[in-house]
Amino acid sequence: GIQVEQSPPDLILQEGANSTLRCNFSDSVNNLQWFHQNPWGQLINLFYIPSGTKQNGRLSATTVATERYSLLYISSSQTTDSGVYFCAVVGMDSNYQLIWGAGTKLIIKP
Amino acid sequence: KAGVTQTPRYLIKTRGQQVTLSCSPISGHRSVSWYQQTPGQGLQFLFEYFSETQRNKGNFPGRFSGRQFSNSRSEMNVSTLELGDSALYLCASSPGTVRETQYFGPGTRLLVL
Numbered sequence: 001g002i003q004v005e006q007s008p009p010d011l012i013l014q015e016g017a018n019s020t021l022r023c024n025f026s027d028s029v030n031n032l033q034w035f036h037q038n039p040w041g042q043l044i045n046l047f048y049i050p051s052g053t054k055q056n057g058r059l060s061a062t063t064v065a066t067e068r069y070s071l072l073y074i075s076s077s078q079t080t081d082s083g084v085y086f087c088a089v090v091g092m093d094s095n096y097q098l099i100w101g102a103g104t105k106l107i108i109k110p
Numbered sequence: 001k002a003g004v005t006q007t008p009r010y011l012i013k014t015r016g017q018q019v020t021l022s023c024s025p026i027s028g029h030r031s032v033s034w035y036q037q038t039p040g041q042g043l044q045f046l047f048e049y050f051s052e053t054q055r056n057k058g059n060f061p062g063r064f065s066g067r068q069f070s071n072s073r074s075e076m077n078v079s080t081l082e083l084g085d086s087a088l089y090l091c092a093s094s095p096g097t098v099r100e101t102q103y104f105g106p107g108t109r110l111l112v113l
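As given, the protein sequences belong to chains A and B, one line each in that order.
Counted the way the working numbering counts, the first sequence spans residues 1 to 110.
Counted the way the working numbering counts, the second sequence spans residues 1 to 113.
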């Protein structure tokens, strides 16, 4: 089945810094989503982005489907950005189920 | 629109007991998926229901089962609980096709003692 790898596994930054999180996937996808999981466990949708580029405030994402990777950019980080960021995909043969990366744990220090 | 709701939010059970978790999707959404999250295994797919039919199932033992009602609300049941079933159980809602955003509820934290 499709494999999803995220990097880096951990990232510690000062408030105000910028960051880039990467998601590599091993096969073509029908669906790719980025999520932020807060300390209480809630998964918050950031982007639905199987291809192309999107922006939402300080966050933006780019997926290059032909090269099988996606990037999540966070600019001017705030302490509330801390948490775990997950990339999840639905492969061509995954039948609606999201296949998850292991996540990037982001800590923003004040 | 109201978001995805899950009840209960927290549960403590003992080994051998059974548990039922509930998920109410976003109004108008017909697909409900269930995921288990543990520190060791990460997020894993349990099953997905659409219009009261199970469309897909993950690699979990038969102790894990689910159903969906005509109003799209879904329940999952775990029988004969084991310590390893302690996890965060997350429910996701979507309109129903693969190329759409899945929206998650707050989860149910299950602790098996």
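If you're looking for bench data, these hints aren't it; they were derived computationally from the structure.
Watch out, some of these pointers could steer you wrong.
[Claimed, not checked] In silico lysine to aspartate or glutamate, EDC-like type, Cα no more than 20 Å apart, as pairs:
#1 Lys57/B / Asp85/B
#2 Lys54/A / Asp85/B
#3 Lys57/B / Glu15/A
#4 Lys105/A / Asp81/A
#5 Lys109/A / Glu15/A
#6 Lys54/A / Glu67/A
[Said to hold, decoys possible] Just so you have them, the derived chain A footprint on chain B, three or more residues with Cβ under 8 Å:
#7 21-29
#8 41-47
#9 100-112
[Stated by the list, open to error] Ranges between beta-carbon positions, derived for each pair:
#10 Ser79/B / Gly57/A: 43 to 53 Å
#11 Lys105/A / Thr5/B: 39 to 49 Å
#12 Gln14/A / Ser70/B: 51 to 61 Å
Heads up, the beta-carbon is just placed ideally off N, CA and C, and yes, glycines get one too.
Report the numbers of all earlier hints that the structure fails to satisfy, in ascending order.
The structure conflicts with hints 2, 3, 7 and 11, although it agrees with all the remaining ones.
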